[in-house]
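Participant: Here's the letter readout for the chains.
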Amino acid sequence: MNQKDIPAISPDAPVILEMIGISKTFGAVTALVDATIRLRKGEVLALVGDNGAGKSTLIKILSGFHHPDSGRIVYQGREVRFGSPRDARAQGIETVYQDLALINDLSVYHNMFVGREYHKRILGLKLLDNKKMRDLARTYLDTLGIEVPSVDSLVELLSGGQRQSVAVARSIYSSPTILVLDEPLAALGVREGAHVLGLIQNLRRQRDVSIILIVHNYNQVFEVCDRINFLHSGEVVLDASTSETSEEELIRIVKSGLGRQAIAAAAAEVAARTTAYPDTPGS
Amino acid sequence: MARMTATSHGAPRKVGLREADTALERVLVLLSRYREASIAVVALVLVVYFQLGNGAFLSSQELSVVLRDTGRYGMIAVAEVMLMITGEIDLSVGSTFSLAPYIMVLLSISFGAPLAISAPTGILVGVMVGVINGIITVRFRVPSLITTVGTFFLLQGVVVSIYNSQPIVAPVQEPFNEIFGENLFGPADPIWSWHGLTAFTPFLWTVLAVLVMQVVLNRTTFGLHTIATGSNIIGAREIGVRTDRIKVYNFMIAGGLAAAAGIVNTTQFASADPLAGGPFLTLQAIAAAVIGGTSLLGGSGTVIGALLGAFVVATLNNGLVMMGAQATVSDIYLGAAIVLAMILNVQVDRMRARRRV
Amino acid sequence: MDNDIQGEAEVARHISIDISRRKAFSMVAKLGLGGAAWAGGLGTSLAAEANGLPKKGYKFVFVNHVTSNEFFTPTIYGIQDACAFFGCSYQWTGSQTSVVSEMVNAMQTAIAGKADGIAVCLIDATAFDAPTAKAIAAGIPVVAYNADVPAKSPNKRLCYVGQPLYQSGYNIATRWLKLVPKGGHVMLSIPSPGTLNLQPRLDGYIQAIKDAGNPVTYDVVNSSTEQPTEISRIESYYLSHKDVAGLFGTGGGDTYACGFVSAKYGLAKKGVIVAGYDLYPQTLGYIHTGDMTFTTDQQPYLQGFVPLLQMYLYKLSGGAVAPADTNTSLAYVTKDNVELYLGKSRFEGSTSAEPT
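Chains as they are written, first to last, in our numbering: chain A, 1 to 283; chain B, 1001 to 1357; chain C, 2001 to 2356.
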């Protein structure tokens, strides 16, 4: 499965998300300095960079887990502020974290519905409608082709790939506008990883959900992503579409020592021959 | 269901779950569904042991004593289970157990309030203690072990200083006392009568608490979020569970249940003793919860198991006396028995887990 | 000082020989100037004169093993009354649960804080020897109350105020052995085996049984220190030994529990002998209704009043007036005299109001 099977994203696709000038410091550690990313509808954006570059912090700000010290977020044309993960989820931004945020002591179907449980009324009390949630989970996982022993199994009994798939399934269940995946393939073997990549490709083909993907394997970047943003020391130093650069080039940039000047020079070089997005007013 | 995998040799190999073949295996599969099975086995073993040792164990009068203790330890154990599932613990339940009825009786005696009014006030006091414990733990990030040790001594000091350590004789007001604890079962009464029923009142109230909490834990969003909070607090927060609130609510439940247990106890004996609940009660209740199958690490627990655990603890306390354990060594037996009960429980649990679907 | 009490006793005897000691004391106190003026003594007429014993701001520390136990409520009242009279102040500290190390720490703190006197319950045979010696060496008088070290102990405390524990157990057992039928089986209970304030009483029971030629067999039950558990354990014992002829406690709580069980099953009324220690209000109630045969009065009020008085006089006189052992008596409370104890009295701890 490679790029050529999937049509490139249309140049008219609207910008659905802009995180502009985001800064964030934790005590003595500066995680983000004036970071800016843009995402178009239906696009798959790769966030790459070394550990500590600020990728996880950036997406945690997007998901409402952290609040930025400065900068703004423009989502679907309006400036927004996410107070909590509940807020972000309510507005259609779903995130699958590195730690998966799965509850080991709950079943697969309960995990799918934490935070959006279905209820039924018995004798005036609002109780969980387990049967409904069980059926919905089973159907949905079947549709996605995800195999688990049973939706009643406790999540702790699943394999790494099954856990990852369930986490992804949970996030796309509510048809989010933006799906963020933090290193979704990190702990997976070849077969399971291919399965998850397949899920992402399916979504990409429909050009409906916009995806931000944090991934370290450049092979995978070029396989499923439309665009790359390279983060280094808290800022975005490279912003190019995957058709305009290559794995080798990225590796060259990385190997050049990641000194500030080297990055800037390499980035300038790429920028000279790529088509950047038209700047939105005020950015 | 066995999954078939085709190999290069063509013949299918069976991997996956093996079907239960023998009758014993079928029974084990059934037991494996319920975590409480292991403590039930322990309880059964103890009952048989003590009944064989001293034929009076299963008499209705002795059962009334054992079940009364079960009720007392059990209600506190249920309070602890909810908190332990969230990964916290409450060591102040013993002092709430004494404080709430003390205040209830003082209100009734000093202001003439009927018990029907002063008892809910006592429960409210317990809930407030829970709020304090909860807020200190989540807002100031003090480990609950320390928070509740502090509130234990604070409340103990309060209840002792109110009236200089004197126990106060509680007023007896019918029908309040009949419903909530007074034991009217005389030697001449038949067991199947209202009087006979009152012999088991403390136990029955605890059974009610257990059933209610069982539904709350397993069938409500609150229960689901409680488990999520204890199992993976960061993950739960990431997916939108309000973990701080969940913890505070559970502290409030713990305080309220401890207060209720104290009030039932006071009604039983018509006496509010400032030292009625102390470290012994707290530790026996926690032991009951843990032996019953609740993990000290958080994330999983069972209230029905806690009730069975309380029964085990009550049985040990009273059975040992009946078997003639002399004073100087009886604590040795009690301690050893608690450890053995836990070991047995863990072993049965492992057998159970191996068969788990 | 000891003379004053005995002097008072003389006066009381002089007034009436048949009235119980308590009643006599109370009458004598009425003749004096208010309840708190007891210690002024009646043999001398100090109390009536303007320049009596001077008020001194001495600070005395009372180290106790069950600081929140209601038994000591009248003890605290006794200390307060003596303090009010002599202008002294007190600190009530120690351990809530008979933890010896906590009590030793409290003594060390008192010594370091240069207390004017220390009164301590010696519930351990040796642990208090070192801090006691240290206090004496620093010029701080040390008085033992309620619990004392064994006879041959090298402990340097100046005197013991309280009930001689072993002897009290022995006497009480001698009394109930006369009531229990020969060949019967009895239950002895103890809330905390081994502690120096209870174990000697139990030892006294057991020795009395032995000395009487073992007329009864017995079991010793650990009732625990928490009230509801005490009741359950004693009740379970009875239900598995329905032929028990006697239930005997060694502490206040377990005595109350014995009374509770007796009242529930009508045991005392059926001839079972139920007896023990101390005057919990419920215990007195059971004696009144006939559900308990007798209990004993340790006079806890005196266990606070007398040590404070002794330490005050020791400091005031520069050591010339030395503390002396005081037996705070062993009065039996039975159905016949229980009336005296019912009703609210500061001396029993059931009310904090001063007598008029």
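Calculated from the structure, these hints are not laboratory results.
Hints are supplied without guarantee of correctness; some may be wrong.
[Said to hold, decoys possible] When the alpha-carbon atoms are kept at most 20 angstroms apart in a straight line, the in silico SDA-like pairs for lysine to any residue are as follows:
| id | chain 1 | residue 1 | chain 2 | residue 2 |
| --- | --- | --- | --- | --- |
| 1 | C | K2134 | C | K2335 |
| 2 | C | K2264 | B | N1218 |
| 3 | C | K2264 | B | S1060 |
| 4 | C | K2156 | C | A2322 |
| 5 | A | K131 | B | H1195 |
| 6 | A | K132 | B | N1218 |
| 7 | A | K120 | B | N1218 |
| 8 | C | K2335 | C | G2285 |
[Claimed, not checked] Rough simulated footprint, nothing fancy, chain A against chain B, three-plus residues with beta-carbon under 8 angstroms:
| id | region |
| --- | --- |
| 9 | 1054-1068 |
| 10 | 1099-1111 |
| 11 | 1215-1223 |
C-beta: ideal position from N, C-alpha, C; glycine also.
Participant: All hints are to be evaluated individually against the structure, with a verdict given for each.
Facilitator: The hints, checked one at a time:
1. C:K2134 <-> C:K2335: violated, 47 angstroms
2. C:K2264 <-> B:N1218: The given pair, whose Cα atoms are some 41 angstroms apart, is violated under the 20 angstroms limit.
3. C:K2264 <-> B:S1060: holds, 15 angstroms
4. C:K2156 <-> C:A2322: holds, 13 angstroms
5. A:K131 <-> B:H1195: With a Cα-Cα distance of about 43 angstroms, the restraint between A:K131 and B:H1195 is violated, given a limit of 20 angstroms.
6. A:K132 <-> B:N1218: Holds: A:K132 and B:N1218 sit about 15 angstroms apart, inside 20 angstroms.
7. A:K120 <-> B:N1218: Cα-Cα ~14 angstroms, so holds.
8. C:K2335 <-> C:G2285: holds, 10 angstroms
9. 1054-1068: Not satisfied, violated; 0 residues make the cut.
10. 1099-1111: With 0 residues in contact (Cβ-Cβ under 8 angstroms with chain A), the coverage given for the region 1099-1111 of chain B is violated.
11. 1215-1223: holds (count 4)
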